[in-house]
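Visitor: Each chain, letter by letter, is given below.
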Amino acid sequence: MQGETGGRSDGEIVRAVLAGDRERYAVLVERYRDRYARYAARMLGSADAAEDAVQDAFLRAYDQLAQCQDPNKFLGWFFLILRNRCFAEQRKYRSQVSLDAAAAVPTSDRSDVGTETAERRRALQKALMELTAEQREVFVLKHVEGLSYIEIAERLNTSVPSLKMRMHRAYDRLREQLRDHA
Amino acid sequence: MTQHEFDPRVKQLLDGELTLADLPAELRAEGEEALRLLAAVDRASVSVPAVTWRVMAALERRRRRLWWLAPAVAIAAAVVLLLGRPSTPPTTLSATVVTVRFVLVAPGAHQVSVAGTFNRWDPSATPLVRSGTADTWVATIALPPGEHQYAFVVDGARWVPDPAAPAVDDGFGRRNSVLTL
Numbered sequence: 001m002q003g004e005t006g007g008r009s010d011g012e013i014v015r016a017v018l019a020g021d022r023e024r025y026a027v028l029v030e031r032y033r034d035r036y037a038r039y040a041a042r043m044l045g046s047a048d049a050a051e052d053a054v055q056d057a058f059l060r061a062y063d064q065l066a067q068c069q070d071p072n073k074f075l076g077w078f079f080l081i082l083r084n085r086c087f088a089e090q091r092k093y094r095s096q097v098s099l100d101a102a103a104a105v106p107t108s109d110r111s112d113v114g115t116e117t118a119e120r121r122r123a124l125q126k127a128l129m130e131l132t133a134e135q136r137e138v139f140v141l142k143h144v145e146g147l148s149y150i151e152i153a154e155r156l157n158t159s160v161p162s163l164k165m166r167m168h169r170a171y172d173r174l175r176e177q178l179r180d181h182a
Numbered sequence: 001m002t003q004h005e006f007d008p009r010v011k012q013l014l015d016g017e018l019t020l021a022d023l024p025a026e027l028r029a030e031g032e033e034a035l036r037l038l039a040a041v042d043r044a045s046v047s048v049p050a051v052t053w054r055v056m057a058a059l060e061r062r063r064r065r066l067w068w069l070a071p072a073v074a075i076a077a078a079v080v081l082l083l084g085r086p087s088t089p090p091t092t093l094s095a096t097v098v099t100v101r102f103v104l105v106a107p108g109a110h111q112v113s114v115a116g117t118f119n120r121w122d123p124s125a126t127p128l129v130r131s132g133t134a135d136t137w138v139a140t141i142a143l144p145p146g147e148h149q150y151a152f153v154v155d156g157a158r159w160v161p162d163p164a165a166p167a168v169d170d171g172f173g174r175r176n177s178v179l180t181l
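Protein chains in written order, with this note's numbering: chain R, 1 to 182; chain U, 1 to 181.
Wrong hints could be hidden among the right ones.
[Unchecked claim] Some chain U residues near chain R, calculated using beta-carbon distances under 8 Å:
| no. | residue |
| --- | --- |
| 1 | E5 |
| 2 | L35 |
| 3 | L37 |
| 4 | D42 |
| 5 | A58 |
| 6 | W159 |
Quick caveat, the hints were computed from the structure, so don't treat them as lab data. Source: prediction; values computed, not measured. Glycine residues also receive a C-beta, built at the ideal position from the N, C-alpha and C atoms.
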């Protein structure tokens, strides 16, 4: 996960910010905010919560920027900060998470999506919220973000067999949830 | 395997390692059910354009807080007095004068004053004194109701507007804070 090849690289920007050019940090925020808002929205079941999580993660990343050991790998390092934020949010509000929150992810209501499709999406998002955060994460990274098991394993510093086991349990639970909701 | 568990070969289908055609006939229906599940995945992007300015504004606020904090306290005190329900004994000197407390946190400063329309912009007229922590400077003065413009002067040379108060251009490229009593 190297930085963008167009324009200034992530590494150059991180080094500039650390050297005192604070305003340059906006380039990194602009570059990655939407990409990770989708991950956060699917993880938290709410677009608003995702926006807060992404904002908070960028602020934390700024505070800890000097600890980013390889500025060229800012993206992977930032992802772990956002991931921790999402997991913490999940633990904090676990008892308060309403299944209805899934409906707050806005893309299901797009006008170009038929009612039946929108309903299936809502049902799946509700079912995703019933998974453990670890199961939901591997599903989101593979089937929403389109990463391979190898890429996910690298990102999460884990093994492919471990991820597959998590995912296969997720498939079974999703099937159960969707049948119950049917 | 319970009734809710997908067959391992169907899980391979979901993982993209097999196609529907690879499944035996008896698993086709289950495979189609699995593919319907994947078809419901919402991959639409989520846009959060406000995050950029919210992050940068938060960083700017933090930076300013290192130097200044509290003129907002002075404004709050004035508001309380004007509303006529002070939390401490009234400090108005008369019906037409309001006591205002200016507070500034300025790490490393050796001298702080407030200059404004109420003291003819004289940096030596209203010095702040250290209070509490070494970085906190305070001055309490009586002002008539109305609009006042002011700025803090740090170490006799640096003019600092109040980031917590409205500000106007002074016509010379600087910003003056505005306090309305």
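Visitor: Work down the list of hints and note, for each, if the structure agrees.
Guide: Evaluated hints:
Given the 8 Å rule on beta carbons, the hint for E5(U) holds: about 5 Å separates it from the nearest Cβ of chain R. For L35(U), the shortest C-beta to C-beta distance to chain R is roughly 12 Å, which exceeds 8 Å, and the interface hint is violated. Below 8 Å, beta-carbon pairs count as interface contacts, and L37(U) has one with chain R at about 6 Å; its hint therefore holds. Here the hint on D42(U) is kept, as its CB sits about 5 Å from the closest CB of chain R, short of 8 Å.
For the restraint placing A58(U) at the interface with chain R, the shortest Cβ-Cβ distance is roughly 6 Å, inside the 8 Å limit, so the hint holds. Nearest Cβ of chain R to the Cβ of W159(U): about 22 Å, over the 8 Å cut. The hint is violated.
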